[in-house]
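Chains as they are written, first to last, in this note's numbering: chain A, 464 to 672; chain B, 464 to 672.
If you're looking for bench data, these hints aren't it; they were derived computationally from the structure.
The model shown is predicted, which means the values in this text are computed figures rather than measured ones.
Don't take each hint at face value.
Which copy? The list can't say, so a pair holds if one copy fits it or any two copies do.
As the list claims (entries may be wrong) - Once the Cα atoms are required to be at most 20 Å apart in a straight line, the calculated SDA-like pairs of lysine to any residue come out as:
id, residue 1, residue 2
1, Lys621, Tyr481
2, Lys466, Arg539
3, Lys490, Ile468
4, Lys621, Pro610
5, Lys621, Thr590
6, Lys490, Gly504
Protein chains: 2
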Amino acid sequence: MMKLIDLTHVFSANMPVYPGDSSPELKQTAFIAAQGYNSYGLRGGMHVGTHMDAPLHMIPDGAFMSDIPVTQFFGRGRLVDARGRAALTEDLLDNVALEAGDVVLVLTGRHKLFRSPEYYESFPQVTPSFAERLVSAGVSILGLDTPSPDSPPFSVHKILLSNNVLIVENLNDLELLLGTPEFEVFAVPSKYQCEAAPVRVIARVRENT
Amino acid sequence: MMKLIDLTHVFSANMPVYPGDSSPELKQTAFIAAQGYNSYGLRGGMHVGTHMDAPLHMIPDGAFMSDIPVTQFFGRGRLVDARGRAALTEDLLDNVALEAGDVVLVLTGRHKLFRSPEYYESFPQVTPSFAERLVSAGVSILGLDTPSPDSPPFSVHKILLSNNVLIVENLNDLELLLGTPEFEVFAVPSKYQCEAAPVRVIARVRENT
């Protein structure tokens, strides 16, 4: 039997945002009692909640989200347990066999702070050598349960995106994958013609029978 | 070998909308030359481009998009060839073996008109008896390459959504599935706490070897 695990935060009316970004607005605009149906409107940027960065975010003439072939959104998952680490350093990958097309998910456990101010104040950052190792292996996607792999001037973002490694930020519940030797990841973004998009991230794991 | 087929329209800066809906805005707000990165902002409703309706859209106290378990987004695909039909009537299902959890995709071929005014002016509509047959079979999702299964007062929407059959509107390229006896569908929406959401729809088909 296969089990699906949703690794995506709910996008609600009150979303935390990266410091300096403006808050999105998700608001009901039509009501069954008045219009016969319910509708909501949304206003905001792309880097809110669980989302994916495309190369265009940091790379001149980089690929738009809508340009990326769907094959890149599916891959074998590799979980990196980085709980308790102050930085995401290359040695975390020493016992992780990587292949081209893999989706690397890094568990820090900080998803539990997602709706508290602390979540954005400090978080373990990816080192350039960690990022370069993902690039060498031909990894498709790096996913994190933190707001970002790095801070300005975003050298790690640029290493990854210039080498076509997509970045998923603000993942939820990665600890549910602990002890799962094999799983697939579906990281499926909206097909927006821009630099990033909300993404639904789902792991498919084989259950013990 | 498995092949993935993307059945989703690109969401660009100039999107057509259902008559009476306001046009969305997708606009660049930050630029590498000025801010060091590219960002876009989006403002609009949920019923634009390829999207999924949740029960809340038409049913009082119906499920929000973010409430729906991810298992409902994956299912065996069944293609209904309705090209040339003026209405989507029950007889179209006579030779389609349906099982609980199936995703039924109806090909009208009207996706080619998506960015022309004609697309929204008239389109073949789903009859109540067609919808009831999907409900009886326990189908998970009905997907269409038209703007809607029906028109006000939306009795077909209500038959489907009150029975937990999700609706996907404005699909693209369904004709690529013609002649494909078996395929799976992944219809993966953003996890928005509202009545509908953009959805990425992907078919996985086994290629002849």
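Structure-based check of each hint:
1. Lys621 - Tyr481: within (18 Å within a copy, 39 Å between copies)
2. Lys466 - Arg539: both (15 Å within a copy, 16 Å between copies)
3. Lys490 - Ile468: Classified as neither: same-chain Cα gap 28 Å, cross-chain 33 Å, threshold 20 Å.
4. Lys621 - Pro610: Within one copy only: 16 Å inside, 39 Å across.
5. Lys621 - Thr590: within (12 Å within a copy, 52 Å between copies)
6. Lys490 - Gly504: both (5 Å within a copy, 16 Å between copies)
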